[in-house]
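Trainee: In case you want the letters, here they are:
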Amino acid sequence: MDGYGMQNQIACIRRSLFDQGYLDEQFIQLEELQDDANPNFVQEIVTLFYTDSTRLIQNIELTLNSRPINFSKLDDYMHQFKGSSSSIGAKKVTSECAVFRQYCAAGNAEACIRNFQHIKQEHAILRKKLEFYFQMMGQAAVAQTR
Amino acid sequence: MGMAIDRDDTQFHVLAVDDSLIDRKLIERLLKTSSFQVTAVDSGSKALEFLGLNNNDADDDEEDEQRDSNTESVSSDEDQDHQDLGLGVNLIITDYCMPGMTGYDLLKKIKKSSSFKDIPVVIMSSENIPSRINRCLEDGAEEFFLKPVQLSDVNKLRPHLMKGRSKDIDSSHKTTSTRLITSGN
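Those protein sequences? They're chains A and B, same order as listed.
Sequential numbering of the first sequence, starting at 1, is according to full-length UniProt numbering.
Sequential numbering of the second sequence, starting at 1, is according to full-length UniProt numbering.
You may find that some hints are simply not true.
What the hints assert, rightly or not - If we take Cβ atoms under 8 Å as the criterion, some of the chain A residues that face chain B in the derived model are:
1) N8
2) Q29
3) L33
4) I45
5) L48
6) I88
Stated by the list, open to error - Some, not all, of what chain A presents toward chain B, calculated at C-beta under 7 Å:
7) Q26
8) F49
9) G83
10) S84
11) S86
12) S87
Claimed, not checked - Within a straight-line C-alpha distance of at most 30 Å, the following computed DSS-like cross-link-like pairs (lysine-lysine) qualify:
13) B:K163 with B:K108
14) A:K120 with B:K25
15) B:K25 with A:K92
16) A:K129 with B:K25
17) B:K25 with A:K73
18) A:K73 with B:K46
19) B:K108 with B:K46
20) B:K156 with B:K108
21) B:K163 with A:K73
22) A:K128 with B:K25
Keep in mind the hints are simulated off the structure, nothing from the lab.
Even glycine gets a Cβ: it sits at the ideal position worked out from N, Cα and C.
Using the sequences and the accompanying hints, generate a full structural model.
Mentor: Structure representation (structure tokens):
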């Protein structure tokens, strides 16, 4: 595929991420912070998010599996998770976290456990989509140098 | 001393405090994009450590004030040196919700410190709680930013920093003119 074809495809992928509600305005803020001196900022911060949030997911799993469930701890973890996902513009993940916190505040273990499955799903879906997006951008960058 | 005037050309130095790795990276990029020099730490106690205030110092204000009033001219020079010792923090921006010392606790400690009470402090939070916001502003925070922090928020910092800088210049002018009068005798 030539340079233009790839650029178009990438633009489409990017647009659909916004149209389908996976990403919000904040992701655009991140893109605007990228420049020649920091050409990989978006990818770096997304990578950081996935490393950090994986750790949080493990902690949340552990907390959800223990009896009795420590809802206060759960809320702490989820506060961190929601904060980070909001900072990278992960729209669906962030709103699922907000729902979780409501169930958590109500001490509703079943709903928390169910909702957490949704969070993990959205988290994984977004990861795949962003990985593909960054991969395409990488290939386009290589194609442009030819 | 003319040193304060030279600082006109140097960058403003912001100390950013946030326990979130992602938010630290973000605030660092936001500040650097706006041409600030940045030091980012992950807790209130590390922030105090960086300033040269350990937790005990910040609480021993009554003792500090006693000492300061007895040796006023000496201690103000020492405070200036404390700032010049490469720490030279011009503004502190801190997350509110942090384990251990909250951003509000940090704000109170800074405002109680004779050396650092004039440094502008800005608080960030992901939670929009009006009573929290009001309390921070009433207790000395210059601004309160809702997360995620944007470039437009960071642009609001400069006026607070310029205010601090002109204060530095004013006080250095006063020192200079006092010395001229003295040496003229």
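Trainee: Give a verdict on every hint.
Mentor: Now the hints, each set against the structure:
1. At a threshold of 8 Å, the smallest CB-CB gap from N8 (chain A) to chain B is about 29 Å, leaving the interface hint violated.
2. Using the Cβ-Cβ criterion of 8 Å, the hint placing Q29 (chain A) at the interface with chain B is satisfied: the shortest such distance is roughly 6 Å.
3. The closest approach between the C-beta of L33 (chain A) and any C-beta of chain B is roughly 5 Å, which is under the 8 Å cut-off, so the hint is satisfied.
4. The interface hint given for I45 (chain A) holds, since its Cβ lies 5 Å from the closest Cβ of chain B, which is under the 8 Å cut-off.
5. A least Cβ separation of about 6 Å between L48 (chain A) and chain B falls short of the 8 Å threshold, and the interface hint therefore holds.
6. The closest approach between the C-beta of I88 (chain A) and any C-beta of chain B is roughly 7 Å, which is under the 8 Å cut-off, so the hint is satisfied.
7. Evaluation of the Q26 (chain A) hint against chain B yields a held restraint, the C-beta minimum of about 5 Å falling below 7 Å.
8. For F49 (chain A), the suggested interface contact is upheld, since its CB lies about 5 Å from the closest CB of chain B, less than 7 Å.
9. A cut of 7 Å between beta carbons decides the hint on G83 (chain A): the least distance to chain B is about 5 Å, and the hint holds.
10. For S84 (chain A), the shortest C-beta to C-beta distance to chain B is roughly 4 Å, which falls under 7 Å, so the interface hint holds.
11. Checking S86 (chain A) against chain B: minimum C-beta separation of about 6 Å stays under 7 Å; hint holds.
12. Taken as an interface hint, S87 (chain A) checks out: its beta carbon lies about 5 Å from the nearest beta carbon of chain B, inside 7 Å.
13. Between K163 (chain B) and K108 (chain B) the CA atoms are separated by roughly 21 Å; this keeps the pair inside 30 Å, and the hint holds.
14. At most 30 Å may separate the alpha-carbon atoms for a hinted pair to count; K120 (chain A) and K25 (chain B) meet this at roughly 24 Å.
15. Note on K25 (chain B) and K92 (chain A): the hinted pairing holds, with a Cα-Cα distance of about 22 Å set against a maximum of 30 Å.
16. This hinted pair checks out: K129 (chain A) and K25 (chain B) have alpha carbons roughly 22 Å apart, not beyond 30 Å.
17. Taking the CA atoms of K25 (chain B) and K73 (chain A), the gap is near 25 Å; set against the 30 Å cutoff, the hint holds.
18. A distance of roughly 24 Å separates the Cα atoms of K73 (chain A) and K46 (chain B); the hinted pair therefore holds under the 30 Å criterion.
19. A distance of roughly 15 Å separates the Cα atoms of K108 (chain B) and K46 (chain B); the hinted pair therefore holds under the 30 Å criterion.
20. At most 30 Å may separate the alpha-carbon atoms for a hinted pair to count; K156 (chain B) and K108 (chain B) meet this at roughly 22 Å.
21. Taking the CA atoms of K163 (chain B) and K73 (chain A), the gap is about 42 Å. The hint is violated against a cut of 30 Å.
22. A threshold of 30 Å between alpha carbons decides the hint, and for K128 (chain A) with K25 (chain B) the separation of about 22 Å falls inside it, so the pair holds.
Violated hints, listed in ascending order, are 1, 21; each of the other numbered hints is respected by the structure.
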